[in-house]
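Protein chains in written order, with the numbering used here: chain B, 8 to 55; chain Z, 166 to 401; chain X, 130 to 348.
Wrong hints could be hidden among the right ones.
[What the hints assert, rightly or not] If the Cβ cut is set under 7 Å, some of the chain B residues that face chain Z in the computed set are:
| id | residue |
| --- | --- |
| 1 | 10 |
| 2 | 13 |
| 3 | 15 |
| 4 | 16 |
| 5 | 19 |
| 6 | 20 |
| 7 | 21 |
| 8 | 22 |
| 9 | 23 |
| 10 | 27 |
| 11 | 30 |
| 12 | 34 |
| 13 | 38 |
| 14 | 44 |
| 15 | 52 |
Calculated from the structure, these hints are not laboratory results. For every residue, glycine included, the Cβ atom is placed at its ideal position computed from N, Cα and C.
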Amino acid sequence: MHDAFLIAAYAVVWLGVLVYVTSLARRSRSLEREVRELRELLARRPPP
Amino acid sequence: MTETTARTRNATDVLLPPATIGAMMAALYLIFVVVPTDAFQGPVQRIFYVHMAMWLATFTAFGLVALASLMYLWRRAPEWDRRGRAAAELGLLFCTLGLTTGSIWAKPIWGTWWTWDPRLTLTLILWMIYAAYLLLRSLTTDPDQGASLAAILGVSGLLDLYLINRAVYWWRGIHPAVLVQRQGGSGLADPLMRVTLVVCMLAFFLLFLWLLRLRIGAARLQDTVEHLREQLTASA
Amino acid sequence: MFALIWKDLQIELRTKETLASLLLLGLLILLVLSFAFDPTSELRATAAPGVIWVAVIFAGTLGMNRSLLHEREHDCLHGLLLAPLDRGTIFLAKTAGNLLFMLAAECVVVPTFVFFFNLPLGFTVLRLAPVLLLGLLGFAAIGTLFAAISLRTRAREVMLPLLMLPLAAPLFIAAIQTSAQLLAGESLGAVTHWLHLLAAFDAVFLVVGWLSFEYVVEQ
């Protein structure tokens, strides 16, 4: 029954890392998109 | 304007992912297949390897936050701020995982999820300081100002560390009955155990470095977005 | 610097805002905590030092929030910054002001605490005085620094305790432990290490605040 603790500990670690990586990937993707959109907006606007 | 989004691919970026994955595989193989089961604690002792690995990453991260805070206040370079931000977030992640794995280990071995042992208390206080650091970052309106305010908190945290350490040790020292034996030197009799511990720590340290670089990259993007927004409003 | 402290004191004497809220809040927390720890039981003697410090800490946190918010509401901080003054001096003056207010409030809260918890008056006051002085000095320093920082965020009132309380953990541990031992009849000699820790904490945060206040208030 102590094996349950062992499994739980490693599951928590991998789950935690996975959740963090997913959220980081999502954040990066949306930031990249935002950079692209803003660049386009800037390019379309004539320089003052 | 410098091209901040262009990813500079250097040797570290190329080598880090395969090195991390390789080391991680080796660590898992050692932990679950090779290393002998501890005679007293049974299979639960295997948690110890990953637990120690979490602490190495956590303390490196928090050391980095302090260093980055000092450097930011001194040099005012946004890159130092990004490093601090990234390290604080990762430190908090690994600290949380370290506390959780420690707790899961403590339940079958000590019979309780939590004790107010000095080391645990110290870590909990550290966790709170760095959670406050990240909260401060997200709640400031002006990013430059947020950077210096958070840096002050980062430096204070470092200076405070010694005092917190003394305080919790004296505080719990009054009740010496709580616990004396800790994992430390007692468990790792077998040389294979020591090898496993080193490999596991290395694997998670590499993972930490990899994630740190990714997070700094994301922080750079964030700053670019900020910068572009300013340009847009200025030209409007 | 003394002019600055004097200015704060005069404002306070006119409005009595901070002092009144510090005082009432301290008393209210004492009352609430008496509900938690049955003040007639034996438990009260062990709970007493914790109770007084919780009252001091939470009332003080709110009081310091007020004192810096006050500067902002009336745009006084802006005026202060225009004056040819070292930012560190402003920090020290503000800290001194906050310390004085808290000490003044404690002059009422501590006797009330003694009264509610049925402790010997002279003995308790005499023994708490050095700890309160050292503890409140550090508390005023860290509180002033972080109140100024939290003013710059979106969630001003909540930020101060969130930022300050974990960093002030050694101060609280030391203050509560020292008070408990002194009230239990130990001599000052038995708690010198704690008093040194409190003094070190005071020194660290007075210096950090003095040096970094410039970064906190810059526009």
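Structure-based check of each hint:
no.	hint	in the structure
1	10	holds (6 Å)
2	13	holds (5 Å)
3	15	holds (5 Å)
4	16	holds (4 Å)
5	19	holds (5 Å)
6	20	holds (5 Å)
7	21	violated (10 Å)
8	22	violated (9 Å)
9	23	holds (5 Å)
10	27	holds (5 Å)
11	30	violated (10 Å)
12	34	holds (6 Å)
13	38	holds (4 Å)
14	44	violated (9 Å)
15	52	holds (6 Å)
Hint compliance for this structure: hints 7, 8, 11 and 14 are not met, and every other hint is.
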